[in-house]
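Chemist: So the chains spell out like this:
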Amino acid sequence: MKFNSIDPKNSFADNLSARTRSGKTWQLMFLLATIVAIITLTLLMINIINSVFGYAIIDSKVDPATLAVDGISIEEQSKEQLVELLRANLSKGAFNKMENEKSFTDRSWSEVLSVVEERLLKFDVLKTWNLWDSLFKRTDVTQEYTAILEENPNAQLKFISWLTWERVVRPQSSEPLTAGIRTAILGSLWTIVITIIFAFPIGVGAAVYLEEYAGKNWVNRVIQTNINNLAGVPSIIYGILGLAIFVRTLEPLTSGSLLGFVDPTTANGRTVLSAGLTLGLLVLPLIIINSQEAIRSVPQSLRHAGYGLGATKWQITWAHVLPNALPGILTGTILAISRAIGETAPLVVVGASTAISFDPTSPFSKFTTLPIQIYQWTARPQPEWQHLAGAAILVLLVLLLSLNAAAIIARNKLSRKF
Amino acid sequence: MFEQTVSTENNNGFPKKIDGLKKKRRWSEFIIQMSLFLAGFFSIFTTLGIVYTLGKEALLFFKRPEVDLIEFLTGTQWQPHIAEFGILPLASATLLTTAIAMLIAIPLGLTVAIFLSEYATLKMRNTLKPILELLAGIPTIVYGYFALTFVTPILRDIFGKDVVNIYNTSSAGLVMGILILPLIASVSEDALTAVPRSLREAAYGLGATKNEVVFKVVLPAALSGISAAVILGISRAIGETMIVAVAAGAGPNLTLNPFKGAETMTGHIVRISSGDLSYDSIDYDSIFAIGLVLFLSTLILNIISQWIVRRFREVYE
Amino acid sequence: MFENDTIIETRHLNIYYGDFKAVTDVELKIPAKRITAIIGPSGCGKSTLLRAFNRMNELIPGSHIDGEIIFEGKNLYDRDVDPVEVRYRIGMVFQRPNPFPKSIYENVAWAARIHGYKGSLDELVESTLKKAALWDEVKDILKQSALSLSGGQQQRLCVARALAIQPEVILMDEPASALDPIATLKIEELMQSLKENYTIVIVTHNMQQAARASDYTAMMMLTDGTRSGTVIEFDETNKIFTRPRDKRTEDYVTGRFG
Chain A
407 MKFNSIDPKN SFADNLSART RSGKTWQLMF LLATIVAIIT LTLLMINIIN SVFGYAIIDS
467 KVDPATLAVD GISIEEQSKE QLVELLRANL SKGAFNKMEN EKSFTDRSWS EVLSVVEERL
527 LKFDVLKTWN LWDSLFKRTD VTQEYTAILE ENPNAQLKFI SWLTWERVVR PQSSEPLTAG
587 IRTAILGSLW TIVITIIFAF PIGVGAAVYL EEYAGKNWVN RVIQTNINNL AGVPSIIYGI
647 LGLAIFVRTL EPLTSGSLLG FVDPTTANGR TVLSAGLTLG LLVLPLIIIN SQEAIRSVPQ
707 SLRHAGYGLG ATKWQITWAH VLPNALPGIL TGTILAISRA IGETAPLVVV GASTAISFDP
767 TSPFSKFTTL PIQIYQWTAR PQPEWQHLAG AAILVLLVLL LSLNAAAIIA RNKLSRKF
Chain B
12 MFEQTVSTEN NNGFPKKIDG LKKKRRWSEF IIQMSLFLAG FFSIFTTLGI VYTLGKEALL
72 FFKRPEVDLI EFLTGTQWQP HIAEFGILPL ASATLLTTAI AMLIAIPLGL TVAIFLSEYA
132 TLKMRNTLKP ILELLAGIPT IVYGYFALTF VTPILRDIFG KDVVNIYNTS SAGLVMGILI
192 LPLIASVSED ALTAVPRSLR EAAYGLGATK NEVVFKVVLP AALSGISAAV ILGISRAIGE
252 TMIVAVAAGA GPNLTLNPFK GAETMTGHIV RISSGDLSYD SIDYDSIFAI GLVLFLSTLI
312 LNIISQWIVR RFREVYE
Chain C
6 MFENDTIIET RHLNIYYGDF KAVTDVELKI PAKRITAIIG PSGCGKSTLL RAFNRMNELI
66 PGSHIDGEII FEGKNLYDRD VDPVEVRYRI GMVFQRPNPF PKSIYENVAW AARIHGYKGS
126 LDELVESTLK KAALWDEVKD ILKQSALSLS GGQQQRLCVA RALAIQPEVI LMDEPASALD
186 PIATLKIEEL MQSLKENYTI VIVTHNMQQA ARASDYTAMM MLTDGTRSGT VIEFDETNKI
246 FTRPRDKRTE DYVTGRFG
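Chains as they are written, first to last, in the working numbering: chain A, 407 to 824; chain B, 12 to 328; chain C, 6 to 263.
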């Protein structure tokens, strides 16, 4: 554009419409970028759903009917009958090994059933498809099935859901068709309970100290800066810390031997307790920072009202500040806890067990958690395990979503206006 | 006469106030205050614990005859079984995944931040922010699964199966970018909204369009806050573990090819420690040495970022 | 003039916030069982002075005093004096009504409970609310949140809350400034009915209120050339308003000030 040849007024007008147009283009760009975030979230969910349902070709080396006793199928037999079945069909060494891991009298019926299915029926997954292929590439599926049938006459083509209620309540196992996530869910719950017991009182206490008691001196400044920095430390570092402190140094405590628990499998301190404490250290800064914010939002006038009545600092804190900060503290804690539930790396380092098929029963049990289970299944090369990992992810996400919903409800129900 | 003013009617039902002004020993108050202080001080122990354990075990590592600090920092091979401990392959994989992640997270995160703070209506904000929070709340292992089972197959379809390995740094990096996007978006948005209204109004008053205000006034003013967000994002990417552990591959590999697998520092720690780790082994010591490098680098980045944020705040307060 | 009835006496009182001297050299004798008003232009340290009487100023970091405040023969700022006890004896009502977000009952009962009240709380709540002229309005809704009351009722509840622990002195920091005229009138009536048993010190920027409601008035003003306030005149209220000795007081009460 030649400015000097056009009269100034017109040049301004032209310029303006161009400027406005470019504005509109940019606005569209911004909108698109934001949509990318939404699309990713959707793809992530679709990808998981896609892997949880689909066709599978399953072959069994042994016909289940041959294991029926007096015409009663194995699903209907009692625990004792199942144990007898195992004793009869397994080698003595294999049976004793399992008995040593955890005695059969201590195992639940479903735990024993999954052992039977795993060791005696020997199902085998030959091929799997995800939901998309199952729905839209049916011809591929049937073609492949007919090809497989020639070699494996027992093979069956089934549309299965990798996530069933059955799977949620079944223990861990090394067979993809029977492996459940109960062990992992219970492990997660045990760990989280310990995390809360450890981190909540210390976290809220620290927040109260920093907001209500701490004067402006260098000690308190150092504490505050330190907490802010701890919140940014990578979670795996906490795992290394947990390994060195809880697993190794405090082993007599975390293995339970100090309290008279003697369990050879957990004598190394890689227990639910160590895991819970490690996650506790990890979420402590988050709980402190969130609680501080909640405490700070309690109006100063309430504290003054209390002082004006000759109340002590703690009386005011306990009776007025904490109850009014509670919704915020709870919301913040729940968010911190959902972070802990999803953590994987620190627990791998602390020493989650790779394969345990029985429930944790005390803080001194060996542990695995839902994210650990997902990691181990995802890392296996066989595709059926990845379907399972998808199923476990779905459970984990449901768990986290309900926690977040609880946080929102807590905030709305308890929040007060001033 | 003063004794008279403390009349008996004032003590009705209340403990005597006669020598009331004297300091009382409030033991419970004191004990509570001490416990609260200890709770506050506890985090110091965590930091000391981290520094002490990392430092002590890393020292043991460097004292071993097969290890040498110079070689550790400059060696191009990490092969414990032939006593080669050069951190470069691990560090380069970390930097590569981080760079790819930032390639995604910086432009997208910034754009989202600008959109949210400058263009979006209140209603849009109220729908978008929870979505971002949701994105940030998804466990990283789920992102790892997403990278391996979704992004990697797509990359292999696009670029060819012989070009892209099953385990590769680009898939891990891309997904990590999505993970870090909400962090950069929210910290940058804080920086943008902190730019005073008066500054914008001054520009509008001169007849600037919205775009000109955003790009020539608001963005430059918020630049330091945005750089703090970027630094924080980098620090987060360096420490990110599960995505790379699942999708980037096992085995140290000094390569800048994003379609090849390479093990990052965090990925290595996870792989080594998921086996049965005996306390006296060099592997055990090595994770502390790598951990120390990881801790120091993220700490320095975090401190820089905080420092920038603080200075930025001072400008407008 | 009222030497024998003095309940609070300040001697060479200076109040600081950090390096800033907010109040300079105040000498004041607050008479017992009377209403004393502190008036003066805004920013002259009225509230600061009031808050020094029950050591509320200490809650602001960096604030400190020199000089003495004598209450019952004891300097309130002596080392062995417990500020918590001081505030137990010298109650306070704030500028904005600040009831606890709890029930009306609990607002009155809480302080009595923490101070170890032995009698019946129900009776205490009732008698206190009666003293505060609030009983008839709230007797059926004692369990309701105090925040459901109107602003004026909330402020009277705050007075009742202070009365419940039977202090000797009640400090009121512009108690009616956030209220409408009718609610203001009720607070003033309440003050009159309380002065039989309590000493009341009230800060107000409203000269009519001081003239109507107080027995004594302290006039505060910034000392010349500084941003520090001091009491320039203290006397019976009608003297302050009809024949002040200080020219500045006269200017202020007749509205010729700034």
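Treat the hints with care, since some could be wrong.
[What the hints assert, rightly or not] Mimicking DMTMM-like on lysine to aspartate or glutamate, the simulated pairs with C-alpha atoms at most 20 angstroms apart in a straight line are:
no.	chain 1	residue 1	chain 2	residue 2
1	B	K33	C	E201
2	B	K33	C	D251
3	A	K467	A	D530
4	A	K528	A	D546
[Said to hold, decoys possible] A short list of chain C residues far from chain A (calculated; beta carbon distances all over 10 angstroms):
no.	residue
5	E90
6	Y93
7	N103
8	R166
9	E193
10	E238
11	F246
[Claimed, not checked] Stretches of chain C that chain A covers, calculated by requiring three or more beta carbons in the stretch to come under 8 angstroms of a beta carbon on chain A:
no.	segment
12	17-23
13	60-72
Read the hints as simulated data drawn from the structure, not as lab findings. Cβ atoms here follow ideal geometry from the backbone N, Cα and C, with glycine treated the same way.
Chemist: Now look at each hint and say whether the structure bears it out.
Modeler: Results of checking the hints against the structure:
1. B:K33 x C:E201: Roughly 27 angstroms separates the two Cα atoms, so the pair is violated.
2. B:K33 x C:D251: 40 angstroms, violated
3. A:K467 x A:D530: 8 angstroms, holds
4. A:K528 x A:D546: With Cα atoms ~27 angstroms apart, K528 of chain A and D546 of chain A exceed 20 angstroms; violated.
5. E90: The assertion about E90 of chain C is violated, with a minimum of 7 angstroms to chain A.
6. Y93: Non-interface label on Y93 of chain C violated, nearest chain A Cβ at 3 angstroms vs cutoff 10 angstroms.
7. N103: For N103 of chain C, whose nearest Cβ neighbour in chain A is about 4 angstroms away, the distance does not exceed 10 angstroms, so it is violated.
8. R166: 7 angstroms, violated
9. E193: For E193 of chain C, whose nearest Cβ neighbour in chain A is about 20 angstroms away, the distance exceeds 10 angstroms, so it holds.
10. E238: 28 angstroms, holds
11. F246: 30 angstroms, holds
12. 17-23: violated (count 0)
13. 60-72: holds (count 3)
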